[in-house]
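Starting from two chains that each stand alone, build the complex the way the hints lay out.
Taken in order, these protein sequences are the chains called A and B.
Going by the working numbering, the first sequence opens with residue 1, and the numbers climb by one from there.
Going by the working numbering, the second sequence opens with residue 306, and the numbers climb by one from there.
Treat each hint with caution, since some may be false.
Stated by the list, open to error - Cross-link-like lysine to aspartate or glutamate pairs, in silico, EDC-like; alpha carbons within 16 Å at most:
(1) 414/B to 182/A
(2) 414/B to 186/A
(3) 448/B to 376/B
Just so you know, these hints were derived from the structure itself, not from any lab.
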Amino acid sequence: MTTTTPDLTGDPARHRKERRVKMVMLAAGVLTIVVSIAIVLSLLSEAISFLTQIDLGQLWAKGWFPRRGRFDLRTIIVHTLLVTAVAMVVAVPLGMGAATYLSEYAPRTVRRVLKPLLEVLAGIPSVVLGFFALTWITPNVMRRIWEDTELFNMGAAGIAVGILIVPLIASVAEDAMRAVPDALREASYGLGARRRHTTLRVVLPAAISGITAGFILGASRAVGETMIVAIAAGASGGSLLTFKITEGGQTMTGAMASLAIGSDQIAGVGAAFQSLFFVGLLLFVFTLILNVASERVIRRFRERY
Amino acid sequence: MNRIDAQPTSGASDTDRPLVFDVQGLNVFYGDFHAVRDVELPVRQNEITALIGPSGCGKSTVLRSLNRMNDLIPDARVEGQVAYHGVDLYGPEVDPVQVRRHIGMVFQKPNPFPKSIYDNVAFGPKIAGVRSGLDDVVEDSLKRAALWDEVKGKLSESAYALSGGQQQRLCIARAIATRPDVILMDEPASALDPIATLRIEELMFELKEDYTIVVVTHNMQQAARVSDRTAFFTVEVGEDGTRTGVLVEFGDTSTMFTNPSRKETEDYITGRFG
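Next comes chain B alone, as it looks inside the complex (with noise of 0.2 Å):
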C-alpha cells in the first residue's frame, strides 16, 4: 500500500494521480465456480475507469467486489486484497455497511425505491441518522445528479413516474446523497434509448470532478467516450469447460483503443469477438 503515500512528482503525468483502489492478486468464488482470477487494478482518484469485456467475464463480480456487493451472494467468496485508501476493504475490523456508504454504487437497471422522489434520495442520509438538513442534500443530489430543473416542482411524486433515463439519474443522485467518495456503475446505461445515454454519460463526465467512478460497460463506444483508463476483461474456458473472468489488458483508455497491447483486445473493441 505504499503506493498510496506517494505523491506526484512536480511535471507528472495523470498516472500519478493517488490510488483509490488498489486491487491485488483478486479471485472471486461462488461456491465451487471460480468467476475471477488474479485481477490486478488500479484505480484512481477523480477518473473514470472502464471494465470492459464480453458477458461472462467476470467485469461486474471485479466491480461489485470494490463495495463488498458480493457478500451478499451466498456461497460469493473474496481472496486477495482490495486496498481502499490503503485499507484492506476485505480485513475483519471492515464493516461492509461502512464501505458501502464511502463506495456508492449504481446498477444496470433503473431500480428506485416504490417512494416520492425525495424520499429515494433522502433515504441514504435517513438511515445514516441524518435528520436535519435533509432538505438540502437532496437538492444538491439532484443538482449534481443534472435532475434538479426535472423534478423540483413534483419531489414528492413517486419515482415510478418518471422516464426510465430519469430515474437513472434519480438513482444516482440516490448514490451521491450518501456523500460517498467512489460511484460504482454497473452498465448504468444499458436499459435506456440513446439520448438519456447520453444524458448519463455527460453527467458521468461531470461528476469525475468529484468523484472517482468505475464503470462497467458492454458498449465499447461508451468505454472509448467517458473513461480514462480501461481494464479489458476475458472468459477463458479450461479444459474443462469451466469458464474463469480474467484482466487481459489495463492502460490508458486512449492507448488501448487505438494501439492495443493484445491481439485479444484488438479483436474485441475492433467488433471482431463479443
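With the rest of the complex left out, here is chain A (with noise of 0.2 Å):
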C-alpha cells in the first residue's frame, strides 16, 4: 500500500502576514502604555520642579491665587469636594431612579426607547452643559433657592455635573440590577413578594456592588470634569476657601482650567505655571484611587450569587 505524504505546510507568505498584523497591534498597545507613563512622569518631573521652588508654606496660604504665589490646596479641594457632593446629591436619585426603573419596571419595548435617550444624555458636550448651568440652573434653580446666590457658584456648576453624570451612574446601576438572576425574582415572588418588595429588599441588596461602584465611578468624574466648573463655577483667576455653594470658587480642575487658558499669561510667572502639573498629579491621584475603590468594590462581590 502506498500512502502520499499530506503536505501540511502552510502559505509562508501568509505566516509573515500574520506576523506583522502581530507587530502593529503590538506596537499599538505599548505606545498607550508609553504615552501614559510618559504623562505621568511628566507630571511627576513638573510637580517636583514646582514644589522646590515654592516654600511649603505656601501650600496653606490665604487662597488660591497662584500668580501671587498663594497655592492653598484646601481652597480648591474643599471646592471640588462642594461641586462633587452637589454633583452626587443630583445624581444618585435621579440615575437610581432612571435604574431600577429600566431594570425592573419598564416594559421591553420602553426600555428599548429609553436606553439609547440616556446615553445620548451622556453624549452632551460639557460645555453646554456649562452654559446651560450659567444661563439657566443659576436663574431658575439657584436663585429660586438662594435669592443672593451669585451668577458664577458651585452649586450650579455642581448639578450641571450631576447631570453629566446621572447617565454614568444609571447605565452602571442597571446593569448591575439587571445581572440578578431573575432566580431570585422567581423566588421573591414565589413569597407573595410585590414587585416594590422584590425590587427594594431583593434586587438592590443584591446588586449592592455594583451599585457602589457606579456611585464611586461617577464621583470619580464628577471629580474631573472641568468644563463645567470652568464655565459656570466661576471664580477665574484664584479665590477664596469658601463652604457655600451659592458662591464661586475654583475646584481643582477649575483652577488648572483658568490658569492653561491664558498659557501665555502663565509662561512667565514661573511657579504659577507648575502649579498647574502639581494639581494634575494631586487629580490623577484622586481619580485613580476612586477608579481603583470602584474596581476592588466590584471584584469583592462578584463571586456572590
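If you want it as C-alpha cells, here you go:
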C-alpha cells in the first residue's frame, strides 16, 4: 500500500502577514502604555519642580491665587468636594430612579427607547451643560432657592455636573441590577412579594456592589469634570476658601483650566505654571484611587450569587 | 366546583380527599405559542401529585399556572379554569400576590437570597407584615424542613455557605414560613446529588401530613417513590411543527406505574421514550 505524505506546510506569505499584524497590534499597545507613563512622568517632574520652587507654607496660604504665589490646597480641594457632593445629591436619586425603572419596571419596548435616550444624555458636550448651568440653572434653580446666589456659583455647576453623570450612574446601576439572576426575583414573587418588595429587598441588596461601584465612578467623573466648573463655578484668576455653594469658587480642575486658558500669561509667572502640573498630579491620584476603589468593590462581591 | 363540597363518604378511599385544585380546560399560551392544551387535573389535599413527562411537555407551565407565576412572563396567557378550594385563581378579584402566599413554590435550582439563613426564612413573613414572633416562625420552618439541627448555631451566616441540598431545604423552609397550604415544587432535586435528593424526598413525605404538594419531576423513580397520584404529559407535534403539551393520563401512581392504560405512558415509564 502506498500512502502519499500529506503536505501540511502553510503558505509562508500568510505567515509573514500574520506576524506583521501582530507587530502592529503590539506596537499600538506599547505606545498607549508609553504615552501613559510619559504623562505621569511629566506630571511628576513638573510637580517636583513646583514644590522645590515654593516655600511649602505657600500650600496653606490664604486662598488659591497662583499668580500671587498663594497655593492653598484646602481651597481647591474643598471646592472640588463641594461640587462633587452637589453633583452626587442630584445624580444618585435620578440615576438610581432611572436604573430601577429601566431594570425592574419598564416594559421591554419602553426600555428599548429609553436606554439609548440615556446614552444621548451622556453625549451632551460638557461645554453645553456649562452654559446651561450659567444661563438657566443659576437663575431658575439656585436663585429661586437662595436669592443672593452669585452669578458664578458652585451650586449650579454641581447640579450640571450631576446631570452629566446621571447616565453613567444609571447605566452602571442598571447593569448591576439586570445581572441579578431572575431566579432570585422568582423566589421573591413566589413568596408573595410585590414588585416593590422584590426591588427593594432582593434586587437592590444583591446588586449593591455594582451600584456602589457606579457611585464611585460617578464621583470620580465629577471630580475630574472641568468645562462645567470652568464656565459656571466662576472665580477665574483665583478664589478664597468658601463652604457656600451659592458663591463662586475654583475647584482643582477649575483652577487648572483658568491657569491654562491664557497660557501666555502663565509662561512668565514661574511657579504658577508649574502649579498646574502639581494640581494635575493630585487630581490624577484622586481619580486613580476612586477608580481602583470601584474596581475593588466590584471584584470583592463578584462571586456572590 | 361542586366537587369540593362533596364530603368523603364513609368507607371512602383516598379518592375522596377534598380537592385543593380543580383544573378544567387549562390552555396556556406564550404569545402565539400554544404551550399546553386542555389540561384537566384534580389535586387532592395532603397528597403528593407528580407531574411527569419529557422536556417541553408543559408540566412546569401547568405547575406555574397553579400559583400564577406565569403572570411574570410577558405575553403569557392562561385560559380555562384553575379552581383553588372552589375559587377561580384567575378571577378578576384575585390578587396574584395573595395567591402566592397561600401557594408556595420551590424551584429547580436552589435560589436562596444573598442574605443570612435567618433572613431568608424570615423574608416571606416580613413582607407580609409580620413583626413579632419571627424567631419562632424561623425555627419552626427550619425544623419542618429538617434543616434546623444543621443550621441552628449559624443562623446569621450567609445562605451561600450551605451545600446545595441544604440550600434547597432552606428554600423549602422559606416557603413554609409564609404558612402556605400548598407547596409547588419544580424539579426540586434535579440539581442535587443522590443523597441530597433522598433527603428531599423523605422531607416531601413528611410535609404531606400538613401540606398539599404538587411536584414536577423528570425522574420516574422519584415520582414512583413519593407521589400518590401521577399526571403524565407529553408533547404533541402538530403538522406545522408546533409543539404543544398535553396531559395523556392521570391516576393513582401505583396504577400508573404498574398498569398504565395508555401506550405512551408505558413507553415513557419503561424508558422506551423520552
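Each hint tested on the structure:
no. : hint           : verdict
1   : 414/B to 182/A : holds, 12 Å
2   : 414/B to 186/A : holds, 11 Å
3   : 448/B to 376/B : violated, 32 Å
Violated hint: 3 only; the structure is consistent with all others.
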